[in-house]
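Chains A and B, in that order, are what the protein sequence lines are. Last residue of the first sequence: 951 in the numbering used here, with the numbers rising by one and none dropped. Last residue of the second sequence: 1100 in the numbering used here, with the numbers rising by one and none dropped.
Worth flagging that the hints you see were computed from the coordinates, not collected in a lab. C-beta: ideal position from N, C-alpha, C; glycine also. Mixed in with the good hints there might be a few duds.
Partial list, derived from the structure: chain B residues whose beta carbon lies under 10 Å from chain A [what the hints assert, rightly or not]:
#1 Y800
#2 G810
#3 F819
#4 L832
#5 M848
#6 L849
#7 A889
#8 R892
#9 A895
One side only, chain A facing chain B, incomplete, derived with CB under 8 Å [said to hold, decoys possible]:
#10 L853
#11 R855
#12 D859
#13 P863
#14 V871
#15 P874
#16 L876
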Amino acid sequence: MARARFDVRSQPGFGTIALFTFVVLYLPIITLVAYAFNASESLTAWGGFSLHWFGEAARNTAVQDAAWRSLVIALSAASVAAVAATMAAIATTRTAAYRGLGFKYAFINLPLMVPEIVTAVALLIVFARVKVWTGYSGLGYLILAHTAFCIPFAYLPIRARLEGMDEALERAAADLYAPPWQVFRRVTLPLLRPGIIAGFMLAFVISLDDVVISEFVKSGGQDTLPTYMLGQLRRTVTPEVNAIAAAFLALSVVLVTIFFFINRKKT
Amino acid sequence: MLEPAAAQDKRIAIEARGIVKQFGEGPSALRALDNVSVAIRENEFFTLLGPSGCGKTTLLRMIAGFEYPTEGAILLHGEDIAGLPPFKRPINTVFQSYALFPHLSVWENVAFGLQMLGRPSAQIGPRVAEMLRLVHMEDLAQRRTDQISGGQAQRVALARALAPAPKVLLLDEPLSALDYKLRKEMQIELKRMQSETGITFVFVTHDQEEALTMSDRIAVMSKGKVLQIGSPWDIYDKPAERFVADFIGETNFLTAAMVGIEGGMARVRLRSGIEIPATIAEGYTPGAQATIVVRPEHARAVKTGGQLAGKVENVVYFGTDTHIYIVLDEGGPFMVRQQNSRSQSCGFEVGDRVGIDIAADAAQVLRD
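Isolated chain A, as found in the complex:
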């Protein structure tokens, strides 16, 4: 007496597949976070609840160094990327369509499509030369490299915001005696601000998280948090890595939450 139900939302197996997906996605993360609170030295054997490893990580100067470096790089790269992406977005939206515009879109978003390892190797080779020529081997290379792959992430939300903006607003400002710079400062920029903040935060998180390019571009003693953790995994592994990862996760979640709220408010 089963009646056939034609509802796309309830099909056999959907629930199972969804459950399986969630388990595969989140179980490792939950395990990792749980073991960050492990009192024992082991990554696998539970020795009781403790904040020991968080304290250990916080006292570790190598971790402090790497965390600080990651933050500096992410802040610098995200800031430069947000500015560059804003300019690129205005240049590609506030114009009549012309031959070559599509190419420019592709060009700006190229870092999204080129395999990261290729970019990393290329940068390694180029920067090795530049280091020899200039003698400079500071954080500049990492910041530059991070900026380059952050730009498309910053560009996408800013462009989306600009395209959704009524161009009549800018015309109205010009009509009311605002010269181009004032139009930008008094109308375009305030209306664009949520997009720029979103782009900045996206770029920030992406930079913070990067391993491949950082690993290739960094000079000696320039570990970022992710490359430090990678290095640790090659040696003795303690739940300290779990603690760092858990803290890292918490920071990302906070940032993404803020990003979500900024985007949701006043669109």
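Since the structure of chain A is provided, determine the placement of chain B on it from the hints.
Below, chain B without anything else, positioned relative to chain A:
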């Protein structure tokens, strides 16, 4: 001897002279405006009227400075401003979408132009208050623009554009987004504001009724050309071309033979063989044939007599009047609009034989 001419020039607030606007090049080029010349007088309520795509908005944007003419000049009090960017023109616009700044309050929106002009804030405060009073929005000055209704947004847009006291105010179909009742109210409000401020209004609309009721003068446009410029009365009663007569109000077209012209009046022979007098449109080139136009309210349906005859096809009651649709004996439709009275109906039913009595001053010969 130069004085009178100069004095007359001063009466012109804004003039478009020989404007051509071409989009694209070569054989695929599109002429949005084709040799358009319009002279708009000071303190005038001037309307650009035409269907969408006729070029009226392009012309308005050109006066505002958002488009530059391919050829021709835009003169503001005799001075060519065609090369000036919008922010250097003492001309403000009320946009079709209102384009209120969503991140600013009502008060800040109205103050924007004055701030950009660098007026001292001691002047800006009172001026904004005055403008908000003019549009009855003084109580909502601190509201955000997404907290007010469409009609209120319209008023703020007006106050914002009027605040810097522009020489010319441009209005780009500002009433099209309002419902019928609000639109009627705003039509009267706009007229009041125009006479109170003494600013020249250039109004763009595709609504012929709006144009007739509000304007001092109307320019009827079609396909990038200005077909006729005149008072509402001129445009309605003395249309120059078939398009103008057809676009504005309902009308009847008749083909007639030209008998002769004397003292500025024509005599034409209708296809029924009867001759009637007719006024002549400006620019008419004499020929054997003529198209004449008769408004439906300038003819009466009669039982006997009349210059034309036919059969009643349809009778539609409109409350104030009745429309009688007739098929003429020589072919072609004719519509008569008759005032209703309480005591009797129009007296015709579908299928009746009917005569059409055209008033002595009703017919106008069009230029074709």
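Hint-by-hint comparison with the structure:
1. Y800: violated, 14 Å
2. G810: At 22 Å from the nearest chain A Cβ, G810 (chain B) fails the 10 Å test, so the hint is violated.
3. F819: Because about 5 Å separates F819 (chain B) from the closest Cβ in chain A, which is inside the 10 Å limit, the hint holds.
4. L832: holds, 8 Å
5. M848: At about 4 Å, which falls below the 10 Å cut-off, the nearest Cβ of chain A leaves the hint on M848 (chain B) intact, so it holds.
6. L849: OK, holds: L849 (chain B) within 10 Å of chain A, min 5 Å.
7. A889: Cβ of A889 (chain B) sits 9 Å from chain A, so the hint holds.
8. R892: Holds: closest Cβ of chain A sits about 7 Å from R892 (chain B), inside 10 Å.
9. A895: holds, 9 Å
10. L853: holds, 5 Å
11. R855: holds, 6 Å
12. D859: holds, 5 Å
13. P863: Result: holds, 5 Å to nearest chain B Cβ.
14. V871: Since the shortest Cβ distance to chain B is 6 Å, the answer is holds.
15. P874: holds, 5 Å
16. L876: violated, 10 Å
The structure fails hints 1, 2 and 16 (numbered hints given earlier, in ascending order).
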